[in-house]
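Going down the list, the protein sequences come from chains A and B.
Per the working numbering, the very first residue in the first sequence carries number -2; after that it's consecutive.
Per the working numbering, the very first residue in the second sequence carries number 2; after that it's consecutive.
Check each hint, because a few of them may be wrong.
As the list claims (entries may be wrong) - To spell it out: a stretch of chain B is covered by chain A in this simulated footprint if at least three of its residues, at any positions, have a beta carbon under 8 Å from a beta carbon of chain A; those stretches are:
(1) 80 to 87
(2) 96 to 103
(3) 194 to 203
(4) 293 to 300
(5) 304 to 313
Stated by the list, open to error - Cβ pair distances, simulated, as ranges:
(6) B:Phe305 x A:Gly104: 19 to 27 Å
(7) A:Leu137 x B:Gly306: 35 to 43 Å
(8) B:Val286 x A:Leu179: 32 to 40 Å
None of these hints come from the bench; they were simulated from the model.
None of the values given here were measured: they were computed from a predicted structure.
Idealized CB from N, CA, C, for every residue including glycine.
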Amino acid sequence: MTPRLKTAHINGLRLLVHLASLGFLLWLGYAVPAGLLGGDPVQGLTHYLGKGALHLLLLTLLVSPLAKRWRQGQLIKLRRPLGLWCAAWAGLHFMVWLGLDLQFDWGLIGGELVKRSYIVVGALALLLLLALSITSIPALLRRMGSAWQKLHNWIYAVALLVPVHYWWSVKSGWQEPLIYLLLAAALLWPRREKLLRPWRQRRQQRQKLKEA
Amino acid sequence: MLIKRRSSHHLTEQDVTPEAVYQDRRLILKGLGLSAATLAFPTQASLLDLFSAEESTPAPATKPLNYKAATRQDGLTLTPLEKAISHNNFYELGTDKGDPARNAHYLKPEPWTLKVEGEVAKPFTLDVWDLINKNTLEERIYRLRCVEAWSMVLPWSGIPLADLIRRAEPNSRAKFVAFETLYDPEQLPGQASRSLGGGIDYPYVEGLRLDEAMNSLSFLAMGLYGKTLPAQNGAPIRLVVPWKYGFKSIKSIVSIRLVEEMPPTTWNLLAPNEYGFYANVNPEVDHPRWSQASERFIGEGGIFGAKRQPTLMFNGYGDEVASLYQGMDLRKWY
């Protein structure tokens, strides 16, 4: 029998999540001036932050399957810091595009946000992440009741939107985005019952109506 | 008679920060003790450096060139050498912008032969280093506009493409010019690995219409900033067609072939709806996934130093090349 993780262990893991998420950001303070992202690091920065956010998203989705598999309910406590860091990295990714690439040219930004499908998809995922982040405040969680869970189920949509955003954005080489899409699909697969429930319920209702 | 006109779009030496001055500037900065920390611990950089342009790209294996410098005139700013050799699209050496500089050592540009053949009366094989060592090259300062909406201004040394083509005496069937990059996975590891090389089918091929190739702007560069080309910039010989998106300016060329039919081109084969054969810089025709109306100019300064500027039709070279496309719908022939 596996020993139960104690609160102290969870706190240690939580600290690790914070240190790693922050550490990889601070590394940029060395890497950018040292030219590790190329002489003009804007594109490198965008990719680094975007991919980091995607990694954090996949880790967030990995928490509950692991908690179930090893019967470690306490692990669930890691989901919030991971999810919040994911949103933070995604926000920075967006800010680099906005400020360093498009240089806050609002006319251009507005046009791109409407015209380019991969940016629409990315922006949608970011908005969802923002909504989930704001509602992560414990007071709101309590007040929202069952609506909270409904809202937070949108993370599954984000899990598909982000790899699609990545796939659509690359100039060539679809293999890497495909791997991320497959990883996301693998994480959603065990949740298929839950994900398909709304459709199934609707079908059953329709059937009942027909019979009546 | 050859009449040399200097149009307003000709960039000259004054637009450039010469490498020597650039190096001096760094020495001055160091003299002031501004980067004392990085001198004492060369592998460490302080967090504050995020806001400056501190470079640590390994010095490329280049040699000084015999070239006639472009005349001076007021105008634009040149992109510093350090950025020109550390921000490259050369997928054969890796898809990240910094990869080509890191993998530059794989490419051995010496010796190098270039074939000029096809629909010509006098095909020939050229010893590129013979050409470099025995000639005074001409310097041209050109704007470079990447299809990814960033741009540079760079001083190239080389010869007009037309000189080489004329020497081969094209026959009446010659309508297009097809270029090919070296195919050697040992020297260009991206050709061996799909993940490093971006899943492109190599060798990289490009093409021009014959009249485009004969235009006086079309240039074969063998030098950058007065020295032979670094591997990451397409050593030892590359095309520079400044009114077209950068991917047309094929690197490390081994073959120039005069042909009758429009030749296939690499990016067009990969995504025909995104990259056309002509690929003329055109602010009015967007890439399907981003706007081409403006560009981020990479000049001096750190990551907050770049400027967004409007993109010019034909990258500002309309006087010289617009007549090539008279009557053509440039939306259709993007």
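Evaluated hints:
Only residues whose C-beta sits within less than 8 Å of a C-beta in chain A count toward coverage, and the region 80 to 87 of chain B has 5 of them, enough to reach three; the restraint holds. Proximity of the region 96 to 103 of chain B to chain A, defined as three or more residues with a beta carbon under 8 Å from a beta carbon of that chain, is established by the 5 residues found. Only residues whose beta carbon comes within less than 8 Å of a beta carbon in chain A count, and the region 194 to 203 of chain B has 5; three or more means the coverage holds. Note: the region 293 to 300 of chain B has 4 residues with beta-carbon separation from chain A under 8 Å; the three-residue rule is met and the coverage holds.
Note: the region 304 to 313 of chain B has 5 residues with beta-carbon separation from chain A under 8 Å; the three-residue rule is met and the coverage holds. Restraint check, B:Phe305 to A:Gly104: a C-beta distance of roughly 21 Å satisfies the suggested window 19 to 27 Å. At roughly 41 Å, the beta carbons of A:Leu137 and B:Gly306 sit within the given window of 35 to 43 Å. With their beta carbons about 35 Å apart, B:Val286 and A:Leu179 fall inside the hinted range of 32 to 40 Å.
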